[in-house]
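Model the placement of chain S on the given structure of chain E, informed by the hints.
Taken in order, these protein sequences are the chains called E and S. Numbering-wise (numbering that gives the first Met the number 0), the first sequence opens with residue 0 and increments by one. Numbering-wise (numbering that gives the first Met the number 0), the second sequence opens with residue 0 and increments by one.
Hint data in this document are derived by calculation from the structure and do not stem from the laboratory. Cβ coordinates follow ideal geometry from the N, Cα and C atoms, glycine included. Mixed in with the good hints there might be a few duds.
Stated by the list, open to error - Chain E is faced by these chain S residues, among others (derived, beta-carbon under 10 Å): (1) 84; (2) 88; (3) 116; (4) 239; (5) 269.
What the hints assert, rightly or not - Coverage of chain S stretches by chain E, computed from C-beta distances (three or more under 8 Å per stretch; other residues unrestricted): (6) 177-183; (7) 255-266.
These are the residues of each chain, in order.
There are 2 protein chains.
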Amino acid sequence: MPRFPDVSPALAAVEGAVFTRLPAASIARAAARFPLHVGDTWLEPPPGCRMQDLAAAEYPGLHRYASPRGMPDLLEAVARRVGARSGVDTAASDVLITAGATGGLAAAVGATVQPGEEVLLLAPYWPLIPGIVRCFHGVPVPVPVIGTVDSAEAAVALLARARTERTVAVYFGSPNNPTGRMLPPDWIAALAAWSAQHGLWILADEVYEDSVFTGSHVYARSLAPERTFAAHSFSKAFGMAGNRCGYVVGPRDHLASLGKVTLHSFYSTPTASQVAALRALDGRADAWLEEAHTHYREAGMRAARRLGMPEPEGSTFLFIDVGAHLGPPGLAGFLADCAARGLLLAPGPSFGPYPTHVRLCYTCCPPDVVDQGVEVLASLLGR
Amino acid sequence: MPRFPDVSPALAAVEGAVFTRLPAASIARAAARFPLHVGDTWLEPPPGCRMQDLAAAEYPGLHRYASPRGMPDLLEAVARRVGARSGVDTAASDVLITAGATGGLAAAVGATVQPGEEVLLLAPYWPLIPGIVRCFHGVPVPVPVIGTVDSAEAAVALLARARTERTVAVYFGSPNNPTGRMLPPDWIAALAAWSAQHGLWILADEVYEDSVFTGSHVYARSLAPERTFAAHSFSKAFGMAGNRCGYVVGPRDHLASLGKVTLHSFYSTPTASQVAALRALDGRADAWLEEAHTHYREAGMRAARRLGMPEPEGSTFLFIDVGAHLGPPGLAGFLADCAARGLLLAPGPSFGPYPTHVRLCYTCCPPDVVDQGVEVLASLLGR
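Isolated chain E (complex conformation) (with noise of 0.2 Å):
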């Protein structure tokens, strides 16, 4: 039946911005002091990877049509990196250069999901997850299991229990947004064997996995690299989310069906940001990376011990339950007194059933910006 003037029904459960559920008073604050709700970096990227210093005479074609999989040489260079840093044997053939991570995960959503099938959310989650997977037609299993019990096995039963026959697919983020944990090596493992035992693919958005401060990140690749698609992003390390760049690994017979999907989206990511990306993996921004990554820790660290919770293990977030500070009007009357204090914050429902929760960002301002937007929720909290 046609439809006009309607749209197509599966949108109407999609959200039509990261968070749908800021009180409108705080969004009409563009004047914000601390919009820490963001989840970005506040840094320029590194010297030499800024848009200034790409020139057409260096790079011909910088202006024109990327090979719609990636420039061979950010491939290349992708791959190198990957296997080093995951121990993972890699090939350019196991890579995919996408439009950021939400690029390369709408790829892997709209290679593996048809419609009616079911991918489980480990919760809380990346906000876009749930959207991506509505519009493919698919339904989002959001399963709290972050922070909600404390052993693989316990994790493994909660999935165990949503999974249904239409289940295909699993999606984790670790380094975790929101709560700023990492899933520990033995849940990471676990997962993958559960996956493995009922034949579902592993959606693994690694996209903080240069913000690691304690221990060390697990590649969920390393464990079940033949059902793995993993995505990764130049936005948050390098500073350079705008650029739209980003990448996905995973089992290179497979990888062309997400890079039909890519072809239909975008068709290539920009030339300019892989070249951007390219000369990021030179060397030139290592020391960049370095002075970052300390400047993330020390704001992430100082952050959790005003508000005194447990210190970040990665990302660049923490996540707060503020229930015992709610007055009738809710969360929203909790944002918004936020909001009249100059200070943004995300509401946890946007990260699943998470409905006391706010997500503060604390690299997306400077450190000292930072640092005033945690004092004013620290005395709104009585901390």
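What follows is chain S alone, placed relative to chain E:
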């Protein structure tokens, strides 16, 4: 049913590259002297609109996320441009900035098509449109019309024969890729009226609006503003295809649904690409545009005359029936013969049911290269 290690069957019918039917021999010829198969432009972007011209000091946030709908300044500039050209009152809220026209058309399909629903494609068509429909689990229905019939009534009759109760939208491109023809004003009017009669959405691909050589382009929104999503791009007109910046214009109440799809496909259009586009619209590109237009038109006219074909009316292509020159190996053999002489052409079947056609782009290489490539083709055709 879990499907690992299989991927979504919907992708089986989706092409993995723009021209999968190009013989392998020609693809291997990276050193092809006359690569006229690509739809691109050979000129660098206008002065002041290149990446090296974009300084972070001048544009704070140049490397950070842009608003997912588009930078407010660019939305305003595009609305003014579209309003002035199309004669349709257009506000910033009628515009969505997208990762190229590909991202815009994907969003329009994702927002209007449910699984199993059909989209009529006026053939010959842009090669990616069937795959976009399939990626969202819709059914593309090619309807050979352009060059098949010569009246608006006959065109509508063909569409009427192809329409079913599951048809929700009709797609057409004008100026047309690949034929170089413009859909006549009375065709656009008839298509608009017929679509209204049957409650269909119109997906109008108008990316070649700046490459009009004969007559003037009729904007679909000028006839059916309530049901048309028109896709545009900075890629071809401004020599910045690699930037991935385009836009969709359409009914504002429904544009939010398209924005949901882009948000979940690539989050935002690259920030630097939007700044480059904004600069391209501020007047500094005007002289460059005029000169480029002259170059392109003359190259097209020369190619058509040499091949004994009608001169192109618009877009950047010639679509040539080489049926009389095919031997037993068919089109693949002909394309291989071209490739052996350094000439790459796009195969007709990528544009619909055109087993004996080839497409030549006369703007993707400098004029002397195009002229030599055309000479190769003319000699193979005995012209």
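* To do: Against the earlier hints, flag every one the structure doesn't satisfy and list their numbers going up.
  => 1, 2 and 6
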